[in-house]
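Q: Protein chains in written order, with our numbering: chain A, -15 to 322; chain B, -15 to 322; chain C, -15 to 322; chain D, -15 to 322.
Think of the hints as simulated: they come from the structure by calculation, not from any bench. Quick caveat: nothing in here was measured; it's all calculated off a predicted structure. Cβ coordinates follow ideal geometry from the N, Cα and C atoms, glycine included. Don't take each hint at face value.
Covered stretches of chain D, as calculated for chain A (at least 3 residues, CB under 8 angstroms) [stated by the list, open to error]:
| id | stretch |
| --- | --- |
| 1 | 101 to 107 |
| 2 | 137 to 149 |
| 3 | 174 to 188 |
| 4 | 254 to 264 |
In the DSS-like style, the derived pairs of lysine-lysine whose C-alpha atoms are separated by at most 30 angstroms in a straight line are [as the list claims (entries may be wrong)]:
| id | chain 1 | residue 1 | chain 2 | residue 2 |
| --- | --- | --- | --- | --- |
| 5 | A | Lys184 | A | Lys62 |
| 6 | D | Lys261 | C | Lys3 |
| 7 | B | Lys54 | A | Lys261 |
| 8 | C | Lys244 | A | Lys287 |
| 9 | D | Lys3 | D | Lys245 |
Number of protein chains: 4
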Amino acid sequence: MIIVMENGASDAQIEGVVKKIKEFGLDANVSRGTERTVIGAIGDERKLDQEMIDALPGVENSMHIVKPYKIVAREWHKENTVIDIKGVPLGGKQIQIIGGPCSVETQAQMEQSAKFVKAAGCRLMRGGAFKPRTSPYAFQGKGVEGLDIFRKAADQQGLPIVTELMDVRMLDTFLEYNVDVIQIGTRNMQNFDLLKEVGKISTPVILKRGMSATISEWLMAAEYIAAGGNHNIIFCERGIRTYETYYRNVLDVTAIPVLKKETHLPVIVDPSHAGGKAWMVPALSRAAIAAGADGLLVEMHPKPCEAWCDADQALNPEELKQLMGELGGIAQVIGRSI
Amino acid sequence: MIIVMENGASDAQIEGVVKKIKEFGLDANVSRGTERTVIGAIGDERKLDQEMIDALPGVENSMHIVKPYKIVAREWHKENTVIDIKGVPLGGKQIQIIGGPCSVETQAQMEQSAKFVKAAGCRLMRGGAFKPRTSPYAFQGKGVEGLDIFRKAADQQGLPIVTELMDVRMLDTFLEYNVDVIQIGTRNMQNFDLLKEVGKISTPVILKRGMSATISEWLMAAEYIAAGGNHNIIFCERGIRTYETYYRNVLDVTAIPVLKKETHLPVIVDPSHAGGKAWMVPALSRAAIAAGADGLLVEMHPKPCEAWCDADQALNPEELKQLMGELGGIAQVIGRSI
Amino acid sequence: MIIVMENGASDAQIEGVVKKIKEFGLDANVSRGTERTVIGAIGDERKLDQEMIDALPGVENSMHIVKPYKIVAREWHKENTVIDIKGVPLGGKQIQIIGGPCSVETQAQMEQSAKFVKAAGCRLMRGGAFKPRTSPYAFQGKGVEGLDIFRKAADQQGLPIVTELMDVRMLDTFLEYNVDVIQIGTRNMQNFDLLKEVGKISTPVILKRGMSATISEWLMAAEYIAAGGNHNIIFCERGIRTYETYYRNVLDVTAIPVLKKETHLPVIVDPSHAGGKAWMVPALSRAAIAAGADGLLVEMHPKPCEAWCDADQALNPEELKQLMGELGGIAQVIGRSI
Amino acid sequence: MIIVMENGASDAQIEGVVKKIKEFGLDANVSRGTERTVIGAIGDERKLDQEMIDALPGVENSMHIVKPYKIVAREWHKENTVIDIKGVPLGGKQIQIIGGPCSVETQAQMEQSAKFVKAAGCRLMRGGAFKPRTSPYAFQGKGVEGLDIFRKAADQQGLPIVTELMDVRMLDTFLEYNVDVIQIGTRNMQNFDLLKEVGKISTPVILKRGMSATISEWLMAAEYIAAGGNHNIIFCERGIRTYETYYRNVLDVTAIPVLKKETHLPVIVDPSHAGGKAWMVPALSRAAIAAGADGLLVEMHPKPCEAWCDADQALNPEELKQLMGELGGIAQVIGRSI
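Given the sequences, and given the hints that come with them, work out the whole structure.
A: Spelled out as structure tokens, the structure:
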């Protein structure tokens, strides 16, 4: 850690900082510049609490040198991690498109969906049984019944399932239904107790980015899961909140190459929630794959106009199929496949 | 709800929208303008799902006319709600300053804190036993032991306590320790399962604004609690996330008059977390009270430089006392008291 | 325009709004709903001033139905506009990559740059003679001498030039040097006097998006140019300001399909300024083309480490060449060419 | 400047950075930590171009230690600067409320306004003759005729005038009309040619914050004016752009104490443009004064419902008068006067 002292900081103040650094077991290196004194803390700086240092008299500001995340960092694990989801690899050369409806509605709707997802060439299926809704008066999902419907429909096509866990008390039920990938939604990215619980199991976890989470906070949220022992973590960019009102969120494509540099874990993108409109999905999907994403979560509904939730962002089966073709072409250009 | 059709929408498309509106039990009023057709849905529009309407062919966009929140809305409850916290009124003419340290550290620290809080003229005390920390490697709070320490220290001074609940499984323990006000933190504002649980009890709840929550999402989060039966809800503005990096968050003072207009429930402000630096706290506290806040959550630590968490945003006892004086003056100008 | 009255608005207030609408020469249609009265203003709503309506007693809010932009809107001009830049088409099937250094430095640097730009397959060249710099103490560009250097260097390779105009008093000089495309920078997107002046000539104008401009404000800024008579306008997305600090801006790829829907004018992207780091440029460039951009503004410097400005975002000649290959592949997938 | 090298940077890379630092005439201090090497550049770091350093091989990132602004910085000028505006002091103990309409409309409207402004106890008057409007089809201000109307009306009451300059070619006209304070609007905060021109005169300048300008960019924009020789600069906070849509902007009160710490120049606030609604103005005005602002720019119109521009944010004369009373009370609490 580098600590910059205020212009005119006294010797006693400098001494105070050096003393505090040593209390934490690190060494201090003092350089007196023409306008400021700078102190370097040498050793394992994760032991130092930046806020405590900043509160010391005479300190202007401080900067971490070492990244605060460790297990998820590419710095300590150079190769890409490829996660095995019931035989489907995620994070390798092959790109995975995870298709399916926003919500589980009925057995028929899920069976139809599974058929179309499979037919389009997807190897994984998504669907929500528990739905985080802004309003307490809106449809909250089918719950456990929805898990049952989803499991059966997906099994008919041999598709592993991805579904969202909101409440820590439901984890055992998710394990009972052999949910193949647990999704942690954007509103729960920093629900630390939930992260700690999924850290104790080995089921792969999709960690969606918080609505306005920084890259660093997101990596640290993943570090919570990893610190518990579960290293099967998949980052999912889903758009961030900005001042723009034309679309729901701004898909942050820059996050894709940045995450691929910072972490060895797979990175996927949700183009459906990002834009919020079905007509934006193909362009955003192509952009995500072109930027290096390892996969997509795409909403598809057999009859979008009749969907119970987020209807206007779902593709219909035909549109999904066509999109898969385009994505295959782009994948090839960058040396990958769909 | 007002539905605007695309330029050139066909009669069949207009008919389709009218039909859908009627399926939900509302009436439709079609006005054909020079460039667009506009359809008004007349009746209880909370029954209509905006996303389903937007997905219909030919629809350009739609607008809710009625606010989606009801129990928390001032529209349906004109007078201010005054919440009684063990005899201390919040939301009335008297303003409440809730002082105390960020974290519970030791029995001695909490007893000292309680003494100073009381001496400064505060009637409620704050302190965290469970701490949401960005890093899994940082101090996570003293947990249940912290609740015990806090309860005892506050009882010595007869101060009701305010503390954060993060995990739904801890609610019973909070009730056992007779926590007087449960705080829902910024990261959990849309942890809907947690909101539903605190909706089932009657303990007052401070609902902090999510890091980038809109006023409307925040009111809807409160509506989750209210819909369960607990109407003792206190909104707490704590700064929002913006592009500015000089300070941690931007304290949104405009939210104060806006919430006072939209809801009958009390509104308080946390100037300590907003700015992130102790030297900003007095100015932000004065601004909040001048703008009409019903109270403040202010961090005070007996020895800020030794605090275990968020050290550089805590006032020392002397600073808190001085601030109370200034706030008293401002309260008087606007016809209130501290 | 749709005007929603407050719950409980009086008949006199409703009458007042109707009267005001009629004063502006429009007709009014009053619908009384169960909770709110809604008034529709029928006729050319561009004549109505929304702020004046909103200020009338009893009005809760209002909504424009017709888009405020006209000349630039695709609604009134269905086909793509293809702009001819000295024989190079922009906005058609062929995608244009505009390469070159951030700043004009020396004759040798520009001649080398022009050679590399041409060799990489680009048909247009960029370079800044006037530089908007945050600090008054930083290099402000070579000025008129820079225009001269750039013109000569580009002419040797037969490349049309793109360069930024900051000061309205410099326009004549730009015309003297036959600048082929005038760039209006992000800080001047709403410098309305500058927009009006470039509206009076016929030179193509690249209009960069303001740092935090909405899509609608951006289209309206273009409308300023178009209203003056110059319809040769090219939109350039260059990243928007958000809370994220890892990269300089967030490239808003969603803006690409949205603009292609809203306007008939070409849309290009500046991946270099968006991310701010050379290593991010290939991924962002691929994403932009995949999302449907008509071109790119890419920084290339013969020796990036020696550049006088924005050194760490420039590609070297080899990297530009390689990128051109990848972009060609993606263009083909979506039925276009480079 | 502190330069952090990548983990694993080679000796040659470290040597390269040291060499570059020395080329700029500074000294280098190399500390090799356990995980990273850190290089300190010692000397006048304003000479170093951060982007050039960041582009060198092996550099991870760098941090300025010294602030980039100098003339406007409190670090180099400890006392508050009090600007004399025709005998009215701004920046001292006395707070100045600048009242008046958004736009100059007619002679009668301005004379009435001036009378009310004076009667309310304001000592300075505002009014716009040139209006920056999002739409080219909206009222653009009365122009030079407006200046004439304003000058005459204000002179009748002996009020100095504040009005916005948008076009550098109009500066001479502003000087002819003896405009007492020139306002640079939010869209022109980084119109560097305009800043340079007002830097050459001695008329006081109100520099509004750009819609999403950082504190640092804002201080640097002022430094442009100061570097030209004009030190009569007044900062005006007017709300920043965020994701919140309930109000036009978020008034950033935190900027007030922060600017008072960073600069010796006066800081005022525009509560009218911030919120965008007249009913929010009193709360925001009180908050601004309580947080330490040296003055306010408040819109007042004799008949708000008939205003030609921004009607719903103007107070009426009675509301302004009442507000002045409240502000006087708050000023007293913090040892100032109105």
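Q: Indicate, hint by hint, whether the structure satisfies it.
A: Structure-based check of each hint:
For a cut-off of 8 angstroms, the count of residues in the stretch 101 to 107 of chain D with a CB near a CB of chain A stands at 0, and the three-residue condition is violated. Only residues whose beta carbon comes within less than 8 angstroms of a beta carbon in chain A count, and the stretch 137 to 149 of chain D has 0; fewer than three means the coverage is violated. With a cut-off of 8 angstroms between beta carbons, the stretch 174 to 188 of chain D has 0 residues touching chain A; three or more are needed, and the interface restraint is violated. Here the stretch 254 to 264 of chain D counts 0 residues with a CB under 8 angstroms from a CB of chain A, which misses the bar of 3, and the coverage is violated.
For a cut-off of 30 angstroms, the pair hint linking A/Lys184 to A/Lys62 stands: about 24 angstroms separates their Cα positions. A C-alpha spacing of about 23 angstroms is found between D/Lys261 and C/Lys3, which places the hinted pair at or below 30 angstroms, so the restraint holds. Under the criterion of a C-alpha separation no larger than 30 angstroms, the hint pairing B/Lys54 with A/Lys261 is consistent with the structure, at around 28 angstroms. For the suggested pair C/Lys244 and A/Lys287, the alpha carbons sit about 27 angstroms apart, so the restraint of at most 30 angstroms is met.
About 36 angstroms separates the Cα atoms of D/Lys3 and D/Lys245, which puts this hinted pair outside 30 angstroms; it is violated.
Checked against the numbered hints above, the structure violates hints 1, 2, 3, 4, 9; every other hint is satisfied.
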